[in-house]
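Trainee: Listed below are the residues making up each chain.
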Amino acid sequence: MRPIILKGQERAITDLKYNRDSDLIFTTSKDSKFCVWFTDNGERLGIFSGHRSAVWAVDVQADSQSCISGSADFAAKLWSVENGKEIFSFAHKAPVRTVEFGVGDRQFLSMADGVFGEAPSVFVWDVNGGGNRPAIQIALQSESKDKINFASATFGPLNKTIVASTEDGIIRVYDVRNTAAPVKTITDHTKNVNQVSMNPEKTLFITASRDATAKLYDAYDFECLKTYNFERPLNTASISPLREEVLLGGGADAVGITTTKAGANQFRCKFFHLIFEEEIGSISGHFGPVNILSYSTDGKGFATGGEDGYVRLHHFDKSYFNRRN
Amino acid sequence: MTKGRGPTNNELDDEPEVTMEIGFPSIVVVDNIPVVGQEKVEKLKTVLTKVFNAVGKVREFYLPVGKDNQTTGFAFVEYHTAEEAEAALKKLNGYKLDKNHTFIVNSYEDFRKYENVTEEYIAPEPAAFQATDNLRSWLMREDTVDQYCLRYQDQTEIVWNTTGDEPVIETKRTGWTETFAKWSPLGTYFLTIITSKGVVTWGGPKFDKIHRFPHPGVKVVDWSPSENYLVTAAPQYQEKDDPNDPQCIIVWNARTGVKLRGFLGSKDTAWPVFKWTGDDKYLIRMSEDTLSIYEAPSMNLLDQKSLKIPGLKDFAVSPTDHIISYFVPEQNNKPAAVVLIDIPTKKEKRSPKNLINVGDCKMFWHPQGTFLCIKAEKLNKSKKLISTDFEIVRLKEKDIPIDHLEIKEPLIAFAWEPKGARFAILSGEGPRPSVSFYLMEKTVKLLKTLEKKVANHLFWSPEGNFIVLAGLQNLNGVLEFFSVNDMETMGTEEHFMCTNVDWDPSGRFVASSVSFWKHTSETGYNIYSFQGKLLKSVMRDRFYEFLWRPRPQSLLPEKRQDYIKKNIAKFAEALEKEDKDTKIAERARKQKIRDEKRKAFEDILNRLKQRYDSESQERASLGYRPLDDKDIEIQEEWVEEVEGYEESPLD
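For the record, the sequence lines run as chains G and H.
So for the first sequence, my numbering puts the first residue at 235; every next one is plus one.
So for the second sequence, my numbering puts the first residue at 167; every next one is plus one.
What the hints contain is simulated information worked out from the structure, not anything from laboratory work.
Do not take every clue at face value.
[Stated by the list, open to error] Cut-off 25 Å, straight-line C-alpha distance, at most; resulting in silico cross-link-like pairs (SDA-like, lysine to any residue):
#	chain 1	residue 1	chain 2	residue 2
1	H	K550	H	P495
2	G	K449	H	N772
3	H	K544	H	L605
4	H	K765	G	P475
5	G	K449	G	T461
6	H	K765	G	H507
7	H	K500	H	K550
8	H	K474	H	K512
9	H	K758	G	T461
10	H	K441	H	E405
11	G	K327	G	S283
12	G	K449	H	S703
13	G	K418	H	L771
14	H	K775	G	M432
15	G	K534	H	R791
16	G	K425	H	D320
Okay, chain H solo, but in the shape it has when bound (with noise of 0.2 Å):
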């Protein structure tokens, strides 16, 4: 039982609580305290003053002795101070006097408190039901179409991807956010941030405020996978903090808005701090040699103590399983390895190992944990690159097999496919690097190599299947839209000096923009189809990000997506009717439109013209002659034109 700390977190403007000086915060009651007889009081009481005067300076000790004059094993401490009172609760709860004797140290208030509790049990109130709008409400839609934000200068807009003309805005804010913003992983919440204050959620179909987590000097925002919690923070506690308080980095209960911890930072914390397990149950941090795992929504050290991993480089958590894979660069004669374990028993499963003569080892999950692939660089005595070694793990296989690939050029990008079994390298030299496909079957089979690409990223569609192979930035801004199951290209398209290319949730539109973070003039945003045919060109002034809205996993059990999948055919029929009478309808709108503009514009020139006309007579008498027939000389000219040759022999 000790005394709670702190305002509560629910409103960012509270004023703290005041705490007035009735009661005694500054005294502790002290149990399990020896009983003695009257001869050996004085010298007890010495020693648990000494004892006490270790966290401040006690300005009373009263040991009250009973009616048999023993000392009846409980004593009040009492300080100067509340805070030498807490500091007291703190370090000498639990001390050891002696083997039979460990204090048990409390707050004389919570004596008080909990005397004038009453017998009888008095439900608290429930609080009122706070109804918020349906929150995947903007997945309602008939039409199935997604919704992209884009901020620019200071505005925020979260605009429909519909496919007419005319952006359909769901709502415009100005000031909405400071420095960026953010969806949640799987769509529901939206996020603003304010350094000074804190991040908001938003989200329903006004985008009404969902929670605010108040966090001053909070400069990044991460969120777990499956949206139950999220991590800010604030660099600028990174050296100075407050042990028992921290705000370098709290994690918070992102359904609630309630704060559940705060962690200290260090100067070296790379972001984001923490890696999680897709289902959000851990969290894990690494530090110099450190691999600490965290229990969710506890946040309690499992097992009480963090793994000690000397040289511990760089580690990487299963998108969809408890496995963590770490990497351990080559020290003291021992080669590298890529260690797998399990969490929470920490076992450590198949794992690469001997990884000799490597350089530097970077770890790609396949999104749906499938496979594990270990790139790295085997480098020969002068530390020069001979060749780029891949240990694919496959994780779901009896026995978890490594296969091993090779090749003899630096890797430039490599991507998994999304929901398949092949991966996409961009490796090479120079400026033109290769692109190569392959695909996991019994072994790692090369399906295609494509020469001389201008590329220098690889984008998956969320869905398979399709590729974006682009060149960013100085390359700039080429765009080629691959089919990977026909090897084909299928369009080809050019963004200039396009910095990013996002693909929308369900693999049909891909957006290529201009960030003014990166490139300060022509800033602005692509929409293509997945084809590469260009729907929406808009140039924006100082144009910064352009965020799909991410959407949930499927509704649908497999079997029946897969049903879908096989009968497309006939899904498409009735969708593409829907799709032409909609067209028709907008047609006719748009016509409707255009003849009404046209109607009122004619009715403003013939105003204009009947004034000009009624002022002829003055014109003339400035000295205005009109155009006239006779004035018009007309020239009629020859033009000898030669019609062809005909070579005839001289008879």
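The following block holds chain G by itself, in its conformation from the complex (with noise of 0.2 Å):
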């Protein structure tokens, strides 16, 4: 299946998510402004513009109405999908590194840096209502002497937890009630968890780590189910919605790429199978680090992006419909 290639944004892509229905992608990179266009055809619909400096993330509620972005200008702001306008702008203290919404979409999450004397946090505000201050803040506490900041933050089940990871690798599990202390601490990777992502229904999640293995807990008891070896960093992973497989992406430091094999071989996502771990195929196409990546929540196509600022849309074929699981 040949890609349609969403060229757009001028530097790298930091975030991409796809809408409930499947037929739009929201795409942030490095630059402020951000877009979203049709997946059907890779049309643009539109641009964002209002950040003064890097779009780090990206969600968007379940009918599309608005969506939320988060920035390194310490803004995460709401916008309406219809016309493109900003409806409500959250400040922060920090560079915003991840936003999200949770089921239902009344509040949304959102997670920042720890800089100048602030420590990294993850804040839960109210959608509506609540915009001077969010109704709840986790710091992040860390023995670790050097400066830690969360990589990534999700909702649990119900918006019950929060799943987090940070840059050392450790994933804290705290409960938004009591949120003094995280509820459990999974400390199986040995580097930076780049990032967390829950299947849609919440009830199992995949981390991706730069000590290039990918591994699979279930969302309620996180009980760690599987892992897979992808032989580089990665930085990305997603759980496919429709067949038992889950796609990877990432590669290697900046640092090795000139000694380290030539072309587009490099930066190929894997797909693997999710229940024994083995690779099952693998698609190449970026000339750089793969940034982000996701199966469109149909789970009929999936979309990279990567550090040489593409982002790439695919639509799976019939084949792929009818093979054996």
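Take the two lone chains and join them into the complex the hints point to.
Mentor: Set out below in structure tokens:
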């Protein structure tokens, strides 16, 4: 299947999200403007301008009416998808690296770095009405002497928990009603867990780590169910909503680029069998590390965004659906 | 009879023997002293004292006189220290006072020791028999699978080269060895090294410890070809060493663990220091203008003296016969020469002499000792290369004829075909050299030249017939698998930046690896079939070495081997059926595992789904609305597609 290449972001892609109907895809980059596109033909619907520096993250409500973005300009902004206008700006004291709507879209979380004396934190806000102060703040308490930031955060089932990973590879699960200390700490990874990604039902989540492995967890009991070996540092992973597979992407550090294999082979994304942990396929095309990828919500396609500034949009062809599992 | 020296080397950590001050270690007994009458005693004493003062200050000199008022013919000399007495033993034993009197010097202690020996012979207790496991156990597998050693990070693994996906690991140990590991040449032993302590050999089905060889500072190790001896070297002693007990280079009996002899090193000692004859009978070493041939196991210099060869530059030993070839470059208007000599007679054989206007020479012995190829670079007056000349000595033929071959290009690589009569060369100036194959028939016959190859190394299969043309490192790891019998390429692969290529001992598999020592990223190994089909690819962080376990010579007589080769079709049928059965069984086993895995996971998914479903009320209260069919709008679009064009003339 030939991909549709979304060209329009000048700089590296930082995040991408499909809406629930899978007909729109939102993409953000280190550019201060971010975009929304039609997934069936790659036509751009619109551009959201208003942030003053790199946009790190985006999420969209289930009804596709509003979307939220997080930026290095210390703000998370709520936008109307219909007309592209900014509805509200939630002020933070540090760059905002992740945003996500909770189940039901009445709340969202944002994740900010630790700068200027502020500890790295995850915040939960009420979408309507709670604009000036977050409802909940979870500050990172780390024993490490180095400055460690959160790398990724996501709501658990029913928004009762927040699963957050940090740059040292530790994953902490917080109960939103009692955020003093994590209810569970997972130390299975040895290097930065760049992304924690839930399946749409939030029953499973997958972690992608720079230690070249991705791990599948039970979202209620946090038991590690599977491990997938990628052999190169991983940035991103996604669980297929439709078939028994996961998709992983990443790439070597910039430092190692010139002495490692040349060509697009380096930045392949790989499909692994969910249960048997074996590589079942791969796809290449990016000229730089793959920063973010996701299956569409209906599982009929997927998108990858790279450091090279391109988003590659794929639709699976008939044979994909006819394949035995 | 001289005093023994030093503690035994059986246990590394034994304390040295403690000597106590009972006894008379500083006294020596001297025999064969002239017998003189009373009047000459004083004079004799003076003379003798002077002689014995040469090694140390004599404390007391006792010259006994017999009943007949003559000296008894022996004397007691006491020094101040045991060391001086020892020096006297060494230096003055055999000292010729005059034509008729040669001193025999012994330690007084020895006399006392031997005096106390019982008259009856008491046979020593034989040491209890220590059964070692079968050291050849790895060859006993039904499926004749070879082993290989992997070293990465601080791990050492011994793995069976089975065909399944899962590696069958015989043993895996952390910190087993420090810098490298080595198999013995016939595969019997595995050797590990810890520089501060020494080296250890392991073997048997469980890789138990066989022997320890204590040698602090050891950095390099070499085996003799038939595994009888081990040579260890500690370069830190190259400049400063003890001539009485050299620590720089030590030769051991590899089978018993006993130290045989130490050798001094020198600052320009190249490694390996010794080259051996194939049967381990002789070991040879080169130093400035000198060739030293030692016999094993005595470690004595053949004929007690080395060969003086002024200008000696390089030497090589036949892998199968007792023949040495050495190279002396041009000097003093004498042309360069490569000389072949027999050991132990040291007689010269037919040798290519008169190599005129020749720069560097390299000697390539055929692995079965059939031929010796001498490559000489012919230079012009301004020392530029005119041609590369080959003198090929046919050692097994009557009168040892020498063939001559010339090519106009510089030589990059040369390789004899093992068990065959062909050789391959890589030659050329630019980045795309040519590969040429020659056959040693009545003359040297060029079989074929392949041009513009991306290669800088040649690797023949140990059984001949097949060769890998490899472009290592900066040629990006291109591997071409070539059949020399059919003169065609069987397959081409690429192992990016690979640094090493190794055939397995049976010639069925080729392993390519990227070693961390030469290239720091993407380290790991690949295994290919001899035709170039990739069978296994593994990346490992900080991968250092891939080492196939060598095999000993086949025990089948040559006639039987030929019979099998001729009737291979018959044997192949039965073996193929065996393979098929194994595959089917393996597939069934794998399927069973997969089914179990799937069942277990599906149970988990069901459990999760149930939990999810039970939460639907709560989810709705948060504001969640499930995706409903009526939310989906189906838009029908008419798309026009042009089926084709048809041209028809206007009527």
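Trainee: Work down the list of hints and note, for each, if the structure agrees.
Mentor: These are the hints, each one checked on the structure:
1. H:K550 <-> H:P495: holds (16 Å)
2. G:K449 <-> H:N772: Holds: G:K449 and H:N772 sit about 20 Å apart, inside 25 Å.
3. H:K544 <-> H:L605: holds (23 Å)
4. H:K765 <-> G:P475: Satisfied, since the Cα-Cα distance of roughly 19 Å is no more than 25 Å.
5. G:K449 <-> G:T461: Holds, at about 4 Å.
6. H:K765 <-> G:H507: holds (15 Å)
7. H:K500 <-> H:K550: Distance of about 20 Å is within 25 Å: holds.
8. H:K474 <-> H:K512: At roughly 12 Å apart (the allowed maximum being 25 Å), H:K512 and H:K474 satisfy the hint.
9. H:K758 <-> G:T461: Measuring from Cα to Cα gives roughly 20 Å; hence the hint holds.
10. H:K441 <-> H:E405: holds (22 Å)
11. G:K327 <-> G:S283: Holds, at about 21 Å.
12. G:K449 <-> H:S703: holds (23 Å)
13. G:K418 <-> H:L771: The hint holds at about 22 Å.
14. H:K775 <-> G:M432: Holds, at roughly 14 Å.
15. G:K534 <-> H:R791: Given pair G:K534, H:R791 holds - Cα atoms ~22 Å apart, limit 25 Å.
16. G:K425 <-> H:D320: With a Cα-Cα distance of about 20 Å, the restraint between G:K425 and H:D320 holds, given a limit of 25 Å.
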